[in-house]
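Chains as they are written, first to last, in the working numbering: chain A, 1 to 381; chain B, 1 to 137.
Any given hint could turn out to be false.
[Said to hold, decoys possible] Capping the alpha-carbon separation at 25 angstroms, the derived lysine to any residue pairs in SDA-like fashion look like this:
(1) B:Lys-93 to B:Glu-115
(2) A:Lys-356 to A:Glu-378
(3) A:Lys-297 to B:Thr-54
(4) B:Lys-61 to A:Thr-249
(5) A:Lys-98 to A:Phe-222
(6) A:Lys-297 to B:Val-92
(7) B:Lys-93 to A:Arg-314
(8) A:Lys-252 to B:Glu-90
(9) A:Lys-252 to A:Leu-155
(10) A:Lys-297 to A:Asp-247
(11) B:Lys-93 to B:Tyr-77
(12) B:Lys-21 to B:Gly-36
(13) A:Lys-190 to B:His-71
(14) A:Lys-297 to A:Pro-311
(15) B:Lys-61 to B:Asp-3
(16) B:Lys-93 to A:Asp-151
(17) A:Lys-198 to A:Val-256
(18) B:Lys-93 to A:Gln-123
(19) A:Lys-252 to B:Val-92
(20) A:Lys-252 to B:Arg-42
(21) A:Lys-252 to A:Lys-98
(22) A:Lys-225 to A:Val-352
(23) B:Lys-61 to B:Gly-35
(24) B:Lys-47 to A:Gln-125
(25) A:Lys-252 to B:Ser-50
(26) A:Lys-252 to B:Thr-63
(27) A:Lys-149 to B:Ala-132
(28) A:Lys-149 to B:Leu-110
(29) A:Lys-198 to B:Glu-115
(30) A:Lys-149 to A:Thr-182
(31) B:Lys-93 to A:Gly-239
(32) A:Lys-198 to A:Leu-134
(33) A:Lys-149 to A:Lys-190
Hints in this document: simulated from the structure, not taken from any laboratory.
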Amino acid sequence: MTKASIAIVGAAETTRMGKVPELSQTGLHADAALNAMAECGLTPADIDGIATAGHDSAEIAQYLGITPTWQDSTSIGGCSFILHVRHAAAAIATGLCKTVLITHGESGRSNNRAHRPLFPSMQQQEFEAIYGPLFPPSRFTLPVLRKMKDDGLTLEQLAMVAVVQREWASRHPRATAHDPITVDDVLSAKMIAWPFTKLMCCLVSDGGGALILTSAERAQDFPTKPVYLRGMGGESCEGPMVSQMEDFTSSKAFRVSGKAAFESAGISHSDVDHLMIYDAFAHLPVYGLEDLGFVAKGEGGAFIAEGNTRPGGRLPLNTNGGGLSYMHSGMYGMYALQEGVRQMRGLSPAQVEGAKLSVVHGVGGMFSGAATVVLTSEDQW
Amino acid sequence: MSDRMQPTIYSETQFYWDGAKEGKLLLNACTACDGGAYFPPRPFCPKCGSRDVTVQEASGKGTLHSYVISHMPAPGYEPPFTVAVVMLEEGVKMMSNILDCPANPEALELDMALEVTFEARGDLMIPQFRPATGGAA
Ligand SMILES: [Zn+2]
Chain A
1 MTKASIAIVG AAETTRMGKV PELSQTGLHA DAALNAMAEC GLTPADIDGI
51 ATAGHDSAEI AQYLGITPTW QDSTSIGGCS FILHVRHAAA AIATGLCKTV
101 LITHGESGRS NNRAHRPLFP SMQQQEFEAI YGPLFPPSRF TLPVLRKMKD
151 DGLTLEQLAM VAVVQREWAS RHPRATAHDP ITVDDVLSAK MIAWPFTKLM
201 CCLVSDGGGA LILTSAERAQ DFPTKPVYLR GMGGESCEGP MVSQMEDFTS
251 SKAFRVSGKA AFESAGISHS DVDHLMIYDA FAHLPVYGLE DLGFVAKGEG
301 GAFIAEGNTR PGGRLPLNTN GGGLSYMHSG MYGMYALQEG VRQMRGLSPA
351 QVEGAKLSVV HGVGGMFSGA ATVVLTSEDQ W
Chain B
1 MSDRMQPTIY SETQFYWDGA KEGKLLLNAC TACDGGAYFP PRPFCPKCGS
51 RDVTVQEASG KGTLHSYVIS HMPAPGYEPP FTVAVVMLEE GVKMMSNILD
101 CPANPEALEL DMALEVTFEA RGDLMIPQFR PATGGAA
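Work the whole structure out from these sequences, hints included.
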């Protein structure tokens, strides 16, 4: 038997999501952080570790009135918060701090901020941006036609990713988009970057989220149902130039991160009850399913199109509706974590009955980075 | 055209842009390992870490590895326009637009043969690709 060592004891999103023009970007961080502290009965004085991305952790610490002994501003893109869970667990396990607050806030829609959380790359600027792919829809999508030709992924399968996730979103009162859609709706939507239409691209939202982590032995001191980390997760990166991705049909960062998380947790794929794969665009769940090893290479699109990941399917995936239907502030990884925690608490509006193990996997940048964690409702295994 | 983005050039990449002005697509290549050519330029081999690298002229031939047709705005570009990744004959990938070719999927077949050309942009020449004309090798 292995006993859990790290627990998530606080988890909350901003009070409102979608359009939140009344809050600044730092205000979104604070709203989520205060909600998370309130649910587990903590105040800023109880927090001695802080992590965030897109802002310097010092800015958020000062704003919230926190004096940390451990801080992490690692920003590798939207999955940074998943990586922070892993880093925070290591910090708590080695005694660098006791109680970590991870915050995210992003005014993606209302743009109430002094700067966008950008991840500039000199080589990307010199050798890619000059050809005009200035926005994620025309960069992140670049490998996909290659994957369609080499692996047989079809446009209809890509459209089904959006269709299935909308089914999940319809069960979530807080999701932005609820109305059912069809493959035809997706394929006939406004073209953004061939072959991607608007319904294959993420929403643009305001929102935030926060997590509070501590040692598992302290978990019973809190009023919330603890969610435990199983193993130490995984992370990797391939780099910000999507044109230099080693293999356009598979993400090296996904493979390395996923393998580390599964090995550290000591689990096999059949143990997984619930799965979150960061979906800024419709192809990411396909790459994720394959690169994490849930299906063989080339089978991800068919697996989704056949209904395996929809409500009632054998591998519930992106049960909040994902970045395509729930919300997407820009750095969506925090919302994937929040749904993983809700599922392990048994409190998701789209609850998977009896789910005890959730894998949360995220992408950073445009296939630039990756992070993976395994969450469980069990304190030993 | 003139309001298209200009690259910021550094001392390590100056040779590449100087070469383009002379109508040459120049690549770094490693002489210490069998890593061969690599991209983008840097004064060491990303495969073995050696500083024993050289500059070679690419054949200018490549194939269409993948692409999107972007309907998003970009300074100096009129959407829709093609953003592509070209697989060079030397085995390295680089981004490009596809010139002299309509931006529609019927005209853009994966693995079609391409050849280098150069786009005048300010004082610079930007390496670009277009469908191969089938001329002499
Ligand atoms: Zn070498």
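Problem set entry | Hint check, failures only | Of the numbered hints, 3, 7, 15, 17, 21 and 29 do not hold.
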